[in-house]
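Read off the chains here:
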Amino acid sequence: MFDFGQVIDFLPQLGKGLYYTLLISIVGLLIGFILGAIFGLGRISKNKFFFIIASIYVEVIRGTPVLVQAIWLYFALPIILQFQMASITAGIVVIAINSGAYIAEIVRGSVDSINKGQMEAGRSLGLNKHQAMRYIIWPQAFKRMIPPLGNQFIISIKDTSLLSVILVPELMFQGRYIASNHFNAVEIYTTVALFYLVINFSLSLLLRYIERRLNY
Amino acid sequence: MITVQDLHKSFGDNEVLKGINCEVEEKEVVCVIGPSGSGKSTFLRCLNLLEDITSGNVIVDGYNLKDKTTDINMIRTEVGMVFQQFNLFPHKTVIENVMLAPRKVRKISVQEARERGEALLKKVGLAEKADQYPAQLSGGQQQRVAIARALAMEPKLMLFDEPTSALDPELVGEVLEVMKQLAKEGMTMVVVTHEMGFAREVADRVLFMDEGIIMEENTPEIIFTNPTSERTKNFLNKVL
Numbered sequence: 001m002f003d004f005g006q007v008i009d010f011l012p013q014l015g016k017g018l019y020y021t022l023l024i025s026i027v028g029l030l031i032g033f034i035l036g037a038i039f040g041l042g043r044i045s046k047n048k049f050f051f052i053i054a055s056i057y058v059e060v061i062r063g064t065p066v067l068v069q070a071i072w073l074y075f076a077l078p079i080i081l082q083f084q085m086a087s088i089t090a091g092i093v094v095i096a097i098n099s100g101a102y103i104a105e106i107v108r109g110s111v112d113s114i115n116k117g118q119m120e121a122g123r124s125l126g127l128n129k130h131q132a133m134r135y136i137i138w139p140q141a142f143k144r145m146i147p148p149l150g151n152q153f154i155i156s157i158k159d160t161s162l163l164s165v166i167l168v169p170e171l172m173f174q175g176r177y178i179a180s181n182h183f184n185a186v187e188i189y190t191t192v193a194l195f196y197l198v199i200n201f202s203l204s205l206l207l208r209y210i211e212r213r214l215n216y
Numbered sequence: 217m218i219t220v221q222d223l224h225k226s227f228g229d230n231e232v233l234k235g236i237n238c239e240v241e242e243k244e245v246v247c248v249i250g251p252s253g254s255g256k257s258t259f260l261r262c263l264n265l266l267e268d269i270t271s272g273n274v275i276v277d278g279y280n281l282k283d284k285t286t287d288i289n290m291i292r293t294e295v296g297m298v299f300q301q302f303n304l305f306p307h308k309t310v311i312e313n314v315m316l317a318p319r320k321v322r323k324i325s326v327q328e329a330r331e332r333g334e335a336l337l338k339k340v341g342l343a344e345k346a347d348q349y350p351a352q353l354s355g356g357q358q359q360r361v362a363i364a365r366a367l368a369m370e371p372k373l374m375l376f377d378e379p380t381s382a383l384d385p386e387l388v389g390e391v392l393e394v395m396k397q398l399a400k401e402g403m404t405m406v407v408v409t410h411e412m413g414f415a416r417e418v419a420d421r422v423l424f425m426d427e428g429i430i431m432e433e434n435t436p437e438i439i440f441t442n443p444t445s446e447r448t449k450n451f452l453n454k455v456l
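If you're matching them up, the sequences are chains A and B in order.
Per this note's numbering: the first sequence = residues 1 to 216.
Per this note's numbering: the second sequence = residues 217 to 456.
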């Protein structure tokens, strides 16, 4: 009674959705990683101002649902600013800001987890703080970041499906559009789910490979 | 080489160093002994400002560490330090551990750093371990690499913070051997240690610390055979 053969007819449209899902995930996470690195350093900074700004950012974003963030950014902010962002731009911004807060915590945790003796050994050799961070702490912290970072990447990729509510033409949006017009919810939503599974499983394997390569 | 005047150090309300005065001459080997919690390690760590100084003066190689204009990074290049826990960089090979600071701080070429590094590894008996990672080495080997890493900066002074305390007993000898060699070559050394045999044999002077002050200082012969303070006697009775 289910006709999975018909899915082939909708692959171009789903493919278009996949394209936007990947675009938003990649660009959003790239920016999110930069935000995370900056605010993660803020969270370990001795500079009170930088620390407070970073903490507010992390707490506000972690304390509100990503769906609310997306809707607020797309429907509420334009009223305040009198400026409407394109939905795809808004989608990238949501993923970037949201993942950035979690990545900031990952960065902070990883840097904090490096034994204090490492910094002391570096400084006792005459390296300044910046050099010790760059050559000694970061490379070790980065390796520890990979598993939680991979986790966050996967969560963020799945979060992009929520962006359908702000009309981002990503995978879930296309699926809903097709299913409501052709009454083939089982076939289409199963296919959509498989698409996400394939993306995330591939990412899992890639991360496992990188982690193994970085072993020392 | 080092002058310490009325050095106090507190962690919050807890005063760990309560007025230390001492001098270390060039080429002198000074061993610091005393019970746990006496402030030995804190004292040593004040000498390269790994702990900031609460009050008093520490003058190293003519520079007052308390002085705001003193470039602490520059001082540290002249003061090597060896830690109880080795603190090798686990993501770098042995030779990379030794080459890092000369490359980045002294800005010497890769080739020069490598030659210097290889010579130092040979000196500590680990030439063949150059391309291994610290985790592949025994504790004694790791500590010898740590000594080579400190020496690579060609310091005028070496600080040792209980360098053999984390080692299995059978690995202690190889590290002490390297330190003896260093002392023989005329390196100025301050060594916090529980190895009384080493202190007795190598030190020019022994400081006995207890409760944040130097209780007694003298040549090893006198400290170990005829100590004046009751505390020193008690301590030595327990450890010898």
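Heads up, some of the hints might be wrong.
Straight-line distance between alpha carbons at most 27 Å, and here's what the computed DSS-like set of lysine-lysine pairs gives [said to hold, decoys possible]:
| hint | chain 1 | residue 1 | chain 2 | residue 2 |
| --- | --- | --- | --- | --- |
| 1 | B | Lys396 | A | Lys129 |
| 2 | A | Lys46 | A | Lys116 |
| 3 | A | Lys116 | B | Lys323 |
| 4 | A | Lys116 | B | Lys282 |
| 5 | B | Lys345 | A | Lys116 |
| 6 | B | Lys234 | A | Lys116 |
| 7 | B | Lys308 | A | Lys129 |
Derived contacts from chain A toward chain B, CB cut-off under 10 Å, selection only [claimed, not checked]:
| hint | residue |
| --- | --- |
| 8 | Ser113 |
| 9 | Asn115 |
| 10 | Gln118 |
| 11 | Gly122 |
| 12 | Arg123 |
| 13 | Gly126 |
| 14 | Leu194 |
I should point out that these hints are in silico values taken from the structure, not numbers from a laboratory.
The beta carbon of each residue, even a glycine, is placed where N, CA and C say it ideally should be.
Are there hints from earlier that the structure breaks, and if so, what are their numbers? Of the numbered hints, 1, 8, 14 do not hold.
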